[in-house]
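> Position chain B against the provided structure of chain A, taking the given hints into account.
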Amino acid sequence: MRQRGMILSRRALLGGAASAGVLASLAGVVRAQPAAIRLGTLNPLTGSGGSYGPSMRKAMEWVAQEVNAAGGVNGRQVQLFSEDDQTNPEAAVRAARKLIDVDKVAAVMGTWASAVTTAVAPLCWESKTFLTTVSGSDTITQLPHNGYLIRTQPNTHLQIGKLGEFLLSLRVKRVFTLAAQTPFAVPSQKRLQEILPRGGAETVGSVIYDKDKTTFRSEVDQALRAKPDMIYLNGYTPDCTILMKELFKAGYTGAKVAQGYAVNTKLLGQLPAEVTDGTYTATPSPAVESAGYRRLAKVLGTDDLDPYSCQCHDHISLVLLAVAHAKGEASGTAIRDHVRKISQGNGVKVDSAVEGLKLLAQGKDVNYEGASGPCDFTEFGDILDCKIRFDQAQGGKFKFVKLI
Amino acid sequence: MGSELAQLLVNGLVAGIVLAVPAIGFTAIYAVLRFPNFALASHATIGAFAGYVANATLGWPAWAAVSVAFVVAGIAGVVNDQLVLRPLRPAGALTTAIGAVALTIVLENVVRFVFGNDLRGYALPIRRDWQWAGIRIGPQQVENLAIAVAAMLAVFVFLGFTRTGKAMRAVADDPTLAGLKGIDAERVARLTSFGGMGLAGVGGMLLGLDTTIDPLTGFRVILSVFAAAVVGGLGSIPGAVVGALTIGVAEELSLISLAPAYRTAVGFVAILLVLTLRPRGLLGERAY
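Protein sequence lines correspond, in order, to chains A and B. For the first sequence, my numbering begins at 1 and goes up steadily by one. For the second sequence, my numbering begins at 1 and goes up steadily by one.
Note that these hints are calculated values from the structure, not bench results. Please note that the accuracy of each hint is not assured.
Unchecked claim - Lysine to any residue pairs mimicking SDA-like chemistry, simulated, CA-CA at most 20 Å apart: (1) A:K190 / B:F113; (2) A:K266 / B:F113; (3) A:K227 / B:I135; (4) A:K387 / A:H157; (5) A:K266 / B:F115; (6) A:K211 / B:F113; (7) A:K266 / B:D118; (8) A:K211 / B:R263; (9) A:K211 / B:A56; (10) A:K266 / B:A56; (11) A:K128 / A:K327.
To be verified - With beta-carbon atoms standing in for the labels, derived distance ranges: (12) B:E186 / A:K397: 55 to 61 Å; (13) A:N264 / B:G59: 24 to 30 Å; (14) A:V186 / B:G116: 31 to 37 Å; (15) B:S257 / A:Q193: 21 to 27 Å; (16) B:F113 / A:K402: 51 to 57 Å.
Using N, Cα and C, we set each Cβ at its ideal position, and we do this for glycine too.
If we strip away everything but chain A, and leave its shape as in the complex, we get (with noise of 0.2 Å):
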């Protein structure tokens, strides 16, 4: 057994030495093509936000592949490094740690919850790489990035204006809210308080509660007391279930509106349809009538693609045509100095990254819109416009209302 086992080992040897000696050769073919351009991705694969995480990773991944597959950017292939960022910020650190030191990539991309685009940023800005997120919380983008940060999800700003145009379009008249202790109540609040007026409306006043309370009959008891037309509940799934069944104990036969990631198919299912009917809910919507979308969607197979999917898809072809723009120097700076000449102004409209490459190749201006909406930024990195969805519910299931 051992002879055999020498033997053995020796052919082992000289495959070793003859695949070697491939590879060595390969390495000359590999060196004789300019340097990929590395990018990373960062996505919640688990954690809260594990549900969208894997889907967003696959969009990326499929932009990637068919630049690729079109011969690159300026020539080189694109090589993404990708990370899961546990929807935990001291996992992402140590995952963004390794994109930047490690694997030295150009952009991090992709980042979901708030913390952690809150905990991965000056990584980012301090090393110069560019990072897009989709974290919606309006903290981000007043942070020092010095431009290395640009987000596809609308801020609290930009979905309560959204909101507080619907709620006038109902032609309601006094709102109340009530509102889960987070960083967005209060500003989602002063929001209200500064669109309703222009349409005759007002806030009829709000209250903030602890979500962990079991029951919440002396909020309700306040909220009814302004005698509102209109209530919203600004809160998160498990809160915003016992609300509304209190709301209906308590006799509240006015509208309602909530979020809809706080009041879902999920809520809908815990409860009886009378106690939800008529109840608005509002979502950051895609461009779900764009071909960008409508790709993305067949790609990943679904027809109801999630708006992080769609933002990514974005990021990806946003970071790629800034790369082609500054003439395939692929840092974070040139892709912060260059992202705002392919997303925005008065180019040829494309929705894909190839498509765009393309016209850009032949010396032509562009101007990104993607599977996410128009991609335009302000200088803070924030989308300047996106599409709100509003859906009501009806018999437990929601219907389409109108697209804000």
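Quick look at chain B alone, frame taken from chain A:
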């Protein structure tokens, strides 16, 4: 203002009476086993889910499902106490209390593993509240009130008039003396774990009947339960009732001048006040 105050009082009393059920369980376990058993949180959750299975899956009415909550949480209480907490008891009350916190987190995750993280509601019709003179009270609240009062009466009758109940009080008063009189302290400990955790299970279900349940149901309420027991006097069963009513009413009345977000702090202010001014609690320890 008058009706607002009356409404807050009604809300507070209802919340307090429901809170009193697990608070009695907590204080009874403390009286006999001499440690704060924070594992009560997960047993409230276990009871709530056991009741949910009986009610929503098997179609039992709420009052019958409550007895399932009592028995399942009680059995879980005895098993967990024997397997996990009893070996820790010789190391002292602090070690056992820490063990109980760890145990409750483990059990909560077991519930999560079996039932998932989703919210669940009992299969009960949601009925409009009764209203008169500007005050409202829900049919479900009245039912909860009745169940809670019945459970409390049963506890008082058991402790006051049965041989085992008297044995339990004897062990709580002086374990050594009770031992000399031939009372089996271990048996009493098991019975207390069963009854105390059973009451926790009933409390968990009562809380869920009016709202929803999830694996964190018990965890959310444990601090108020603890506050109620401390305010009333740890170890005193009538004290737990008085403490729970005090906490329930104080939390609601605080809303007159405080934003609801700070309501949770009320229980802790009450703990600090009572520990500073009357360390043995409102009724004092060992009042029956």
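> Are the hints correct? Go through all of them and say.
Checked hints:
Taking the CA atoms of K190 (chain A) and F113 (chain B), the gap is about 41 Å. The hint is violated against a cut of 20 Å. Restraint check for K266 (chain A) and F113 (chain B): the C-alpha separation of about 19 Å stays at or below 20 Å, so the hint holds. Distance restraint check for K227 (chain A) and I135 (chain B): the Cα-Cα separation of roughly 16 Å lies within the 20 Å cut-off, and the hinted pair is therefore satisfied. As the CA atoms of K387 (chain A) and H157 (chain A) are separated by approximately 13 Å, the hinted pair is consistent with the 20 Å bound.
For the hint pairing K266 (chain A) with F115 (chain B), the CA-to-CA distance comes to about 15 Å; that is within 20 Å, so the pair holds. For the given pair, K211 (chain A) sits about 23 Å from F113 (chain B) by alpha-carbon distance, which is inconsistent with the 20 Å threshold. As the CA atoms of K266 (chain A) and D118 (chain B) are separated by approximately 8 Å, the hinted pair is consistent with the 20 Å bound. For the hint pairing K211 (chain A) with R263 (chain B), the CA-to-CA distance comes to about 11 Å; that is within 20 Å, so the pair holds.
With a CA separation close to 25 Å, the supplied pair K211 (chain A) and A56 (chain B) exceeds the 20 Å bound. Annotation: proposed proximity of K266 (chain A) to A56 (chain B) holds, straight-line Cα distance about 17 Å (limit 20 Å). For the suggested pair K128 (chain A) and K327 (chain A), the alpha carbons sit about 18 Å apart, so the restraint of at most 20 Å is met. The supplied range of 55 to 61 Å is met by E186 (chain B) and K397 (chain A), whose beta-carbon atoms lie about 57 Å from each other.
Distance hint check for N264 (chain A) and G59 (chain B): the Cβ-Cβ separation is about 27 Å, which falls inside the suggested range of 24 to 30 Å. Separated by about 33 Å at the C-beta atoms, V186 (chain A) and G116 (chain B) satisfy the suggested range of 31 to 37 Å. Between S257 (chain B) and Q193 (chain A) the C-beta distance comes to about 23 Å, which sits within the given range of 21 to 27 Å. Separated by about 42 Å at the C-beta atoms, F113 (chain B) and K402 (chain A) break the suggested range of 51 to 57 Å.
Hint violations for this structure: numbers 1, 6, 9 and 16, all remaining hints satisfied.
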